[in-house]
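S.K.: This is what each chain is made of:
4 protein chains.
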Amino acid sequence: MSKDISVAVIVGSLRKESFSRKVAHALAALAPKNLRLEIVEIGDLSMYNQDLDGEPPAAWTAFRDKIRAAGAVLFVTPEYNRSVPAVLKNAIDIGSRPYGQSAWDGKPGAVVSVSVGNIGGFGANHHLRQSLMFLNVPTLQQPEAYIGGAGALFDEKGALTNDATRGLLEKFVTAFAAWAETHQKG
Amino acid sequence: MSKDISVAVIVGSLRKESFSRKVAHALAALAPKNLRLEIVEIGDLSMYNQDLDGEPPAAWTAFRDKIRAAGAVLFVTPEYNRSVPAVLKNAIDIGSRPYGQSAWDGKPGAVVSVSVGNIGGFGANHHLRQSLMFLNVPTLQQPEAYIGGAGALFDEKGALTNDATRGLLEKFVTAFAAWAETHQKG
Amino acid sequence: MSKDISVAVIVGSLRKESFSRKVAHALAALAPKNLRLEIVEIGDLSMYNQDLDGEPPAAWTAFRDKIRAAGAVLFVTPEYNRSVPAVLKNAIDIGSRPYGQSAWDGKPGAVVSVSVGNIGGFGANHHLRQSLMFLNVPTLQQPEAYIGGAGALFDEKGALTNDATRGLLEKFVTAFAAWAETHQKG
Amino acid sequence: MSKDISVAVIVGSLRKESFSRKVAHALAALAPKNLRLEIVEIGDLSMYNQDLDGEPPAAWTAFRDKIRAAGAVLFVTPEYNRSVPAVLKNAIDIGSRPYGQSAWDGKPGAVVSVSVGNIGGFGANHHLRQSLMFLNVPTLQQPEAYIGGAGALFDEKGALTNDATRGLLEKFVTAFAAWAETHQKG
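Protein chains in written order, with our numbering: chain A, 1 to 186; chain B, 187 to 372; chain C, 373 to 558; chain D, 559 to 744.
To be clear, the hints were calculated from the coordinates, so they are not data collected in a lab.
Model, not experiment: these values are computed from the prediction.
Hints may contain errors.
Here are the simulated DSSO-like pairs of lysine-lysine, each with C-alpha atoms no more than 30 Å apart in a straight line [said to hold, decoys possible]:
hint	chain 1	residue 1	chain 2	residue 2
1	B	Lys357	C	Lys557
2	C	Lys388	D	Lys624
3	C	Lys529	C	Lys405
4	D	Lys624	D	Lys743
5	D	Lys624	C	Lys438
6	D	Lys574	A	Lys3
7	C	Lys388	B	Lys371
8	B	Lys219	C	Lys529
9	B	Lys202	B	Lys371
I would like the entire structure built from these sequences, with the hints used as guidance.
M.R.: Here it is in structure tokens:
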């Protein structure tokens, strides 16, 4: 039987009606039983500044503790200007410091990018992967998840109504469960 | 005779003793006479959230106005986790919105990346360039400026003491002046 | 009146029925009068090997001469494995050597990526741009051209039948003409 | 006891005195006993052309068979024009086709980039990683291996003489051995 794994989900948008947040909720509902997805909020993290490493804001410490407690990490993000939104990059940076104490190290991870256009956030997806390589987050490779045309995938209550996307997300989160198990430490 | 061009300089680190800030000061001193470099501070910009586009924080509006008033833009940045620091990406994102009203559009630009290691921030440099392509900021191509080993380039007062780096920065900012002139609108 | 500019067009696929080649033909037909697009073939270039720089194959020399004679360069390419096809990268590499004698230097350029999928070759497009930055090819930024769904854009004779794509390509090649004029040397 | 794993080593340069080839030899000597590194030559692979998929050249088939027979893959490559050399990309492309029959699928992999400059081939390293993600090659993340200053690392016979580089390569290939074991199929 599979071990339970808690997954810290990071949503790369602060917008109330964020499509990425809706995709995150859909993934939580589609995940295999042993994978418990929970969104870790990042909107209250002040901007990273190395000068504060000695006396970090309480929100930084709380965030790092939540990542450390998780068995895996999942990023669901829009693309801003062909790259990762600042709010998500800030969470990445805060979790990675102080030097030598990264909370991300060794956690298996996965990336979903979401956009209203056709390209599905490819630029954000791969820029994020470059950071995750550096942070030693083994990141699911296949299937890739570029969710385009996000404006037409949900109903008024935010529920996913597109069958093709549901199929892709289910395949994705199932592969992620296997990947996360393979890379559990200890 | 060359026209005067005001250059908005964005420094991608909030650290008081930031090497990137020192490089920015060195560039200001080395620039041709007609190029006036001035740092535009970004540390007080709250995290971008599209929900605030209707009533933007005063700091966002002030920042956008400064970029609009500039004739060119120059980015001097460290690399965090093989990509652009969040604080710099946030400035990029804020300047780019609301949709269709980007302050960056058409401004000639250039990128300098700075690190204590050998690689000189290559990852941050090129991720930033991908955003600048999207924002229609014609970006200086050659010479590239990857400033490595930054820990050994300055004296205790923050003045640049390395001759090879001074030579590179002078060549860089001179080429940027010509590039900025070529791409002035109107 | 605008000066005539000859554009060397490089197609990144050897396939006889290549969609990229069809897009190249469409662009040639849509280009402003002063822009003369001509495909420079790259299929007969043997693989680059620095050991041959002293006595280069005749095909390498002929290719370099054609690039040198052009006033601008345009790349139309599929994506292979999320990057640039080898056949196109080989043309880039051959044109760039021997060291210090790059045929690409200073030529204004543009990139169109083409794929049957939705993403439109974003990965190839931006990997190619990174090389062009290094080669000092000032590359058109906007509009970007990611041509997706290429399997449904042409008739049996290879003529472009999709109006939206025609509109995009026309806007693109018109912007390229202005860009190429701005960056003509001398 | 560890299972023996055969590693197909791909060298991204055809130059006789290639530094990448020398690094590959050094890695073979430093590898743990159960990892057998063998260079698979790629210089005789003609340029990929999808039209030949029905009747592939014998060299393509032989190459694909060697990759399929390997338990892991290791890429050691220079950087050409801030990206992957064409000769290496061609090997990637040939191994990946015909559609649905990729020889790379699921093989654990690793990347070493090599250059005479300081940056150590960062651009080639990460462009290659983007292709490997697509090809479902789980790729070693840490330690990264950017081998700079390659002109000063070897003696006249091509033997590695730099202790710091030897230490890095040993750490790298040891981590790769563990990574390759984790990702063996079946």
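S.K.: Hint by hint, say whether it matches the structure.
M.R.: Do the hints match the structure? See the list:
1. Lys357/B x Lys557/C: The given pair, whose Cα atoms are some 20 Å apart, holds under the 30 Å limit.
2. Lys388/C x Lys624/D: Answer holds: Lys388/C to Lys624/D is near 29 Å, not above 30 Å.
3. Lys529/C x Lys405/C: OK: Lys529/C and Lys405/C at ~24 Å, within 30 Å.
4. Lys624/D x Lys743/D: holds, 17 Å
5. Lys624/D x Lys438/C: violated, 39 Å
6. Lys574/D x Lys3/A: Judged against 30 Å, a Cα distance of about 52 Å means the pair is violated.
7. Lys388/C x Lys371/B: Given pair Lys388/C, Lys371/B is violated - Cα atoms ~43 Å apart, limit 30 Å.
8. Lys219/B x Lys529/C: violated, 59 Å
9. Lys202/B x Lys371/B: Answer violated: Lys202/B to Lys371/B is near 35 Å, above 30 Å.
In terms of the numbered hints stated before, the structure departs from hints 5, 6, 7, 8 and 9, listed from lowest to highest.
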